[in-house]
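2 protein chains.
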Amino acid sequence: MEIKEIKIEDLQPERFIKQQVKEVFSVVGDGLAVNALSGGVDSSAVTIIGHKALGKRLKTYFIENGLMRQGEAERVCLLFKELGVLVEIIDAKKEFFAALKGLSDPEEKREAITQTFYKNVFGRLVRESGAKYLLQGTNYTDVEETVAGVKRQHNILEQLGIDTQAEFGYKVIEPIIQLRKSGVRSLAKALGLPEELYNRPPFPGPALAARVIGEVTPQRIATVRAATKIVEEQLCNSGAFQYLAILHQDRVTGVRKGKRDFGLQIEIRCWESKDALVGTPTRLPYELLEKLAERITQDVPGVVSVTYNITKKPPSTIEAV
Amino acid sequence: MEIKEIKIEDLQPERFIKQQVKEVFSVVGDGLAVNALSGGVDSSAVTIIGHKALGKRLKTYFIENGLMRQGEAERVCLLFKELGVLVEIIDAKKEFFAALKGLSDPEEKREAITQTFYKNVFGRLVRESGAKYLLQGTNYTDVEETVAGVKRQHNILEQLGIDTQAEFGYKVIEPIIQLRKSGVRSLAKALGLPEELYNRPPFPGPALAARVIGEVTPQRIATVRAATKIVEEQLCNSGAFQYLAILHQDRVTGVRKGKRDFGLQIEIRCWESKDALVGTPTRLPYELLEKLAERITQDVPGVVSVTYNITKKPPSTIEAV
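In order, the protein sequences belong to chains A and B. Heads up: the first sequence begins at 1 in my numbering, then just goes up one per residue. Heads up: the second sequence begins at 1 in my numbering, then just goes up one per residue.
Looking at chain A on its own, in the form it has when it is part of the complex (with noise of 0.2 Å):
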């Protein structure tokens, strides 16, 4: 199936909304569905819009795979309650990582995310829920890059030609899969989500599992955690597009209290962007960057070395995984 591109000149998000509710209701009938909801735009827009649409014959769950930034299921689960939808918390962090486990390759890391949230955890909550429908916030741009192949998005199955029905036992519903991130975002805010959801930056399919070179485990997790959190602080107000912070793999030569100290390399970007298609470093302040960098090799343990990432994409690509 072809998907069109609504431009963000031409969305009318009230009557895209409609579209959709009643498109949502006119497929799943008075069946039930799922979905989960990672706080991210994308799933708070289409949980916003599988509510009205099923009301409570759509369940939102949050998938803790231990992958999410710092006290984000709590956060997000509040802010939900407040909109009045109730979402359930479900602890995979032992599947996750014993997925992940021995994998460096990120296709292979981002194959094993895939396959134990939509087969493994999420295979489990359809048949223990009865639903026959997954609700997903794919958008336009994840088809594209996944198309194109620059690089396989988690949430694409259909377009590369899987049958969720036959492999998984649910159909998939993609209500936003011809907008990119701004109309997303224009969308959000017409669902009457809160600024706080619909302006985060983007954040990726595989959490931060896309934020660590080679093998993702819980103590590299909790390193890029830790620098993840220091840097959304600080950039929250820079008005970049999208912010991040990345552990690496290599070890590089640091000195602590006058003894070497072989330790890690924390990599940030930042990036102005409209689309995530192309993007360029945002100019941060010295002062900003320097702030960053101490901040970083103060308070997370082991990491001795920051640098900036100073390379358009393309050749770079926002994430690095």
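No lab work stands behind these hints: they were computed from the structure. Relax, there's no trap hidden among the hints.
Repeated chains share a single entry, so a pair holds when one copy, or any two copies, can fit it.
Computed list of lysine-lysine pairs in BS3-like fashion (alpha-carbon distance at most 27 Å, straight line): (1) Lys312 to Lys291; (2) Lys229 to Lys312; (3) Lys257 to Lys312; (4) Lys274 to Lys259.
Just so we're clear, the structure is a prediction, and the values are computed from it rather than from any experiment.
Since the structure of chain A is already known, use the hints to place chain B on it.
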């Protein structure tokens, strides 16, 4: 033996030169000495002091270890020819790459270079020449960092209790061991060296091997050499203390002609420092950083990402390896 620093404000270059020339002459007597010239300010200053003291009884070699910058051997030999000093180029590329094969740990790499340099290549040259003395450009910062255990400098032997006479068959003479870099520069100027030599940024003993994270191979050296050339061209007028390109072992996702390219990352460092003991990243203009990233990703095969280091020393060090 305790080594006493001579601070830049206490250094009288002319007097220091006379003392050292006399000292070298008194130690070597009518014997023969050898020294290795890398083209850095340290070994350049020592070469001139040695020739003032010994004339043709000092034999100066440029060891082509395969790890030097582009065109380095020819350029250095030509410069010294103009100063009346004949330099012989020794091709030892194969020996160095063989010694480095399979090594990833920075200290093991340094040790392999030290052993190849002092034991194999220099041991042979000394035996062939009949020299009993090796002149060497060890400076005060090298001593300090090695003794403190921060980083093993390749030219520190006696300070670590290694008896070069017994182990390698020659005695090491270190005329500038009491000086830091700023002192050596002022000495080099007084010795009549061209500004191109005494105002060069410092370059590490293990040469480009110190600029490659992970295994050192001819191909990886070629990559970092090409990036180094671009960085030096772009930053030679920055006024910075030192600037360098580092090839990472980690691979990152990039995009070329619309397709995924799992490529290489180059890290740039540019330092403000007086003595290499502490340092701050230079606040380079973003136009320049972007230009660097563009040239490196365009001209160095395989590179899709370039970062700029924003960490102070400490906890970083000047070099990464």
